[in-house]
Amino acid sequence: MYRRGVSSRTRKLVIGGAAAALLGSALAVGTGMSQAAVQPGGNAAASSGGINALVPALGFSPGNPNATADRVGPTGVNVPGRCPPTQAQVNAQVALKNGSLPSGTDLESRIQRFEKTLSAIQDLKCPASSTTLLGRLNSLTALRGNPNRDNILRGLGLNETPADKAAAGSGGAPASGATGNPGASSGGINALVPALGFSPGNPNATADRVGPTGVNVPGRCPPTQAQVNAQVALKNGSLPSGTDLESRIQRFEKTLSAIQDLKCPASSTTLLGRLNSLTALRGNPNRDNILRGLGLNETPADKAAGSTAAK
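Per the working numbering, residue 1 is the first one in the sequence shown, and the count goes up by one each step.
Hints should not be assumed to be uniformly reliable.
Okay, the calculated beta carbon distance ranges per label pair [as the list claims (entries may be wrong)]:
hint	residue 1	residue 2	range
1	Glu-115	Gly-155	21 to 31 angstroms
2	Gly-50	Arg-292	40 to 50 angstroms
3	Asp-261	Asn-202	18 to 28 angstroms
4	Gly-81	Arg-154	33 to 43 angstroms
5	Ala-67	Leu-156	31 to 41 angstroms
6	Ser-100	Arg-154	20 to 30 angstroms
7	Asp-261	Arg-149	44 to 54 angstroms
8	Gly-283	Asn-64	10 to 20 angstroms
9	Ala-69	Val-215	37 to 47 angstroms
10	Gly-219	Asn-151	17 to 27 angstroms
11	Asn-66	Gly-145	22 to 32 angstroms
12	Asn-64	Gly-219	48 to 58 angstroms
List of simulated lysine to aspartate or glutamate pairs, DMTMM-like, C-alpha gap at most 25 angstroms [to be verified]:
hint	residue 1	residue 2
13	Lys-125	Asp-106
14	Lys-263	Asp-244
15	Lys-165	Asp-244
16	Lys-165	Asp-106
17	Lys-235	Asp-208
Keep in mind that the hints were calculated from the coordinates and are not lab data.
Virtual Cβ for every residue (Gly too), placed ideally from N, Cα, C.
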């Protein structure tokens with residue numbers, strides 16, 4: 001109730017100012033995160049505090065809200081072209097459903113943040129496979145029975161997971177994207193074999209490990225990049241070196257064949273998902289323009305994952 005002495009004009013100014021403040025707040029939530037980084041450890045609003053600072057990044061570029069066709073997701077399976085939502089939309093949905101998120105660096109707090117974010121993705125009618133969240137969550141839940149888990153967690157960022165750490169530290173996956181391998185400077189086949197995209201396994205391992213797509217793979221997999229390069233060379237006198245679509249596809253197919261020769265599944269690498277994003281271009285009339293924007297072994301899946309990544 002306004003006091004009688006307050007004028008009608010003053011009341012309008014007060015109400016108008018409050019409305020403007022609310023609008024500004026809504027715009028900050030709706031647009032401030034539209035270009036959120038997909039670096040797995042966090043998202044672009046991390047400096048703003050609150051839920052925005054705690055929601056894990058989705059790990060894949062946002063879809064086109066007007067898309068009617070599917071796109072190849074980060075794990076190599078088709079997902080709706082409108083997926084995933086933007087980081088801002090997911091942050092807002094998490095906030096809508098949760099008064100707060102656990103902010104701890106302990107294992108269960110990390111797991112809860114990922115689970116609640118995955119729930120928000122599904123609320124927004126997109127599958128988990130349109131993000132990298134599920135594979136990264138699985139690498140956290142796998143720590144529950146690990147007696148060394150506290151030491152492992154101390155080496156991780158707030159929303160970083162063992163899967164993120166393994167991919168970042170892989171000798172076969174350069175920081176700029178899984179487009180080449182460390183033998184690229186040596187010429188010949190070594191320069192042409194695509195990077196495996198995941199850290200080598202332990203050749204003495206007897207237990208499984210969580211692979212880059214979130215499924216369990218033998219702990220000894222994948223082989224090292226050098227072993228794969230050697231196997232490709234053993235089976236192939238040469239690899240096509242062209243930047244055309246079919247040359248790219250052949251390089252990935254022959255590398256996957258070498259992985260299987262070495263008794264490891266394709267799911268111990270990111271090769272299959274990246275290959276699928278190449279074969280999906282076969283019917284695309286714009287494929288030549290798309291390929292011109294890619295590195296020698298870069299794929300549309302690599303480009304999508306890295307397009308908004310924090311540098």
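Do the hints match the structure? See the list:
no., hint, result
1, Glu-115 with Gly-155: 21 to 31 angstroms, "22 angstroms, holds"
2, Gly-50 with Arg-292: 40 to 50 angstroms, "42 angstroms, holds"
3, Asp-261 with Asn-202: 18 to 28 angstroms, "20 angstroms, holds"
4, Gly-81 with Arg-154: 33 to 43 angstroms, "40 angstroms, holds"
5, Ala-67 with Leu-156: 31 to 41 angstroms, "34 angstroms, holds"
6, Ser-100 with Arg-154: 20 to 30 angstroms, "24 angstroms, holds"
7, Asp-261 with Arg-149: 44 to 54 angstroms, "35 angstroms, violated"
8, Gly-283 with Asn-64: 10 to 20 angstroms, "18 angstroms, holds"
9, Ala-69 with Val-215: 37 to 47 angstroms, "26 angstroms, violated"
10, Gly-219 with Asn-151: 17 to 27 angstroms, "18 angstroms, holds"
11, Asn-66 with Gly-145: 22 to 32 angstroms, "45 angstroms, violated"
12, Asn-64 with Gly-219: 48 to 58 angstroms, "39 angstroms, violated"
13, Lys-125 with Asp-106, "30 angstroms, violated"
14, Lys-263 with Asp-244, "30 angstroms, violated"
15, Lys-165 with Asp-244, "33 angstroms, violated"
16, Lys-165 with Asp-106, "17 angstroms, holds"
17, Lys-235 with Asp-208, "28 angstroms, violated"
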